[in-house]
Amino acid sequence: METYESVKQSHADGDGHGFDKAAVWRTFWILLVITVVELVVGMFIAPHFHPYKLWFNILYIIFTLAKAFYIIAEFMHLGHEIKNLVMTIAVPALLFIWFITAFLWDGNSYKNLRNTYDPYYHERTTTPVKGHTPDHGHEAEKPGAIH
Amino acid sequence: MAQTAVAGKQRWWEGGKSPFNVEYGKLMMWYFLMSDAFTFGAFLISYGTVRFASNGWPDPNQVFSSVPFMGHAHMPLVFVSIMTFILIASSVTMVLAVGEGHNNNRKGVIKYMILTIIGGLMFLGCQAWEWFHLHEQGAWWGKNPFLTFNGTEASTNFTNFFFTITGFHGFHVFSGVIINIIMLIMTIRGVFDRRGHYLMIEKAGLYWHFVDLVWVFVFTCFYLF
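As given, the protein sequences belong to chains A and B, one line each in that order.
Quick note on numbering: numbering that gives the first Met the number 0 labels position 9 of the first sequence as 8, and the sequence is numbered without any gaps.
Quick note on numbering: numbering that gives the first Met the number 0 labels position 171 of the second sequence as 170, and the sequence is numbered without any gaps.
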C-alpha cells in the first residue's frame, strides 16, 4: 500500500515534472504539419502520378507511423514512462509486423489464383462498365476525371 | 522525469515497489488499449486483405470529395482533413486538461474538459454528415455505387468495410465523449479534489488519445491509399 501511495504521489505532485506544455504544443504542430503535407500530396500531387501509387502509399505509411509515434510518446506519455512499461506495450505490438505481412500476402495470392483459374471473375473485374448512367453525384463517374 | 533517470540503477523487480512505476488503473488502461488496438488492427488488416485480393477498388479522391454547403464542388479530402484537425485539436485540449490536473487546478481541468467534449461532438457531427451524404449517394452496407479506378464495377466490400470500421471508430469516439462528460461532472463536483489527485483524468485521456491514434490509421487506410 505504501508503494502504491508513493506512485500516486509522484504523479500527483504539483511540481509539474512529467508535464511539459511546450512539448504538447510542439507535438501538435508536428502532427498538423504532417497531416497537411499528407493532404497536399493526396489531393494535388498523387492524382497526377497514378502509376507511382505504390510509392505514395509507402510515403503515407511513413507519415502515419510518425504521427502514431508522436501521439503515443507525447500525448499518451509513454515516451516518459520507465522502460519496463514501454516494453510490455511495444513488444506485443511487434506482432503487427507478422500480422500485416501474412494477411496482405495471402490476399494478393488469392487475387492471383482467382485471376488465373476464374476467367469469368477476371473478365468481370477488368471490363469497364459501359453506358453507366450515374444516378448520384456526377463526379464519381466522370470519364477520365482527375487521374 | 526523475524516475526515468534512475531507472537503470533501481531494482524494479526486487519487490517493495511498483515495477512499472504507474498506478494500477493506468496500467490496466494501457493493457485494455492494447487489446483494443488488436481489434482495430484485425478490422483494418482484413480490409487490407480483401483490398489486396481485389482487381479494382474505388478511388477515395472521387468518393470523398464533398464538403457541406459546397454543393457539387469537387473538393477531395477537404472535409476529412477538417475532421482530422478537430480530433487532433481535441487531443491537445485533453493533454492540457491532464496538465492542469497535475497542478490540481480544478478550473483549468473543467475548461479543457469542456473543450475536449466539444471537439468530440464536432467530430461526431462531421461523421454523421459524411455518412448521411454517402447514404444519399446510394452507399450503404451491401450497396456500392462507386466505380473502381479503371471504371469497372466495384464490389460492396468497399462500403461494407468503410461503414463498419468508421462506425466502430465513431462508437469509440461516442463512448469517449461519454467518459469525458462523466469526468467533467466528477471534476465539477470536486471528487478529485477530495481524492487529492486527478489520475482519473489521465486514464480518460489515454482512452481519448487512443481514439485519435486509431483515426490516424483509419484516415490513411481509407482516404489516402
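In short, the hints are calculated from the structure, not lab data.
Accuracy of the hints is not assured; some may be wrong.
As the list claims (entries may be wrong) - Here are the in silico distance ranges between beta carbons for each label pair:
no. : chain 1 : residue 1 : chain 2 : residue 2 : range
1   : A       : R123      : B       : W139      : 17 to 27 Å
2   : B       : G141      : A       : N83       : 24 to 34 Å
3   : A       : T115      : B       : S34       : 33 to 43 Å
Stated by the list, open to error - Distance condition first, Cα-Cα at most 27 Å in a straight line; then the derived DSSO-like pairs of lysine-lysine:
no. : chain 1 : residue 1 : chain 2 : residue 2
4   : B       : K110      : A       : K110
5   : A       : K20       : B       : K142
6   : A       : K110      : B       : K25
7   : B       : K110      : A       : K82
8   : B       : K142      : B       : K25
9   : B       : K202      : B       : K106
10  : B       : K142      : A       : K82
11  : B       : K16       : B       : K110
What the hints assert, rightly or not - Derived coverage of chain B by chain A (criterion: at least 3 residues anywhere in the stretch with Cβ under 8 Å from a Cβ of chain A; other residues may be distant):
no. : region
12  : 9 to 22
13  : 76 to 85
14  : 165 to 174
15  : 183 to 189
Note that CB positions come from ideal geometry on N, CA and C, so glycine has one too.
Is B/K202 within 27 Å of B/K106, Cα to Cα?
-> With a Cα-Cα distance of about 19 Å, the restraint between B/K202 and B/K106 holds, given a limit of 27 Å.
Mind taking a look at whether chain A covers the region 165 to 174 of chain B? Criterion is 3 or more residues with CB to CB distance under 8 Å.
-> violated (count 0)
When you take the CB atoms of A/T115 and B/S34, is the distance between them in 33 to 43 Å?
-> 39 Å, holds
Annotated coverage of the region 183 to 189 of chain B by chain A, confirmed only when three residues or more have a Cβ within 8 Å | violated (count 0)
Status of the given 24 to 34 Å range, CB of A/N83 versus CB of B/G141 = With a Cβ separation near 48 Å, B/G141 and A/N83 fall outside 24 to 34 Å, so the hint is violated.
Has the given pair, B/K142 with A/K82, been kept, meaning a C-alpha gap of at most 27 Å?
-> Status violated; Cα separation ~48 Å.
Please work out if B/K142 and B/K25 have their alpha carbons no farther apart than 27 Å.
-> Violated - the C-alpha atoms of B/K25 and B/K142 are around 42 Å apart, more than 27 Å.
Starting from A/K110, check that the Cα of B/K25 is at most 27 Å away, please.
-> Answer violated: A/K110 to B/K25 is near 44 Å, above 27 Å.
May I ask you to test the hint 17 to 27 Å on the CB atoms belonging to A/R123 and B/W139?
-> Between A/R123 and B/W139, where Cβ atoms are some 22 Å apart, the hint holds.
Do the alpha carbons of A/K20 and B/K142 lie within 27 Å of each other, as the hint requires?
-> Violated - the C-alpha atoms of B/K142 and A/K20 are around 47 Å apart, more than 27 Å.
Within 8 Å of chain A's CB atoms, at least three CB atoms from the region 9 to 22 of chain B: coverage verdict = holds (count 9)
Would you mind confirming whether the straight-line C-alpha gap from B/K16 to B/K110 stays at or under 27 Å?
-> Violated, at roughly 35 Å.
Hints 2, 4, 5, 6, 7, 8, 10, 11, 14 and 15 from the earlier list are contradicted by this structure; the remaining hints agree with it.
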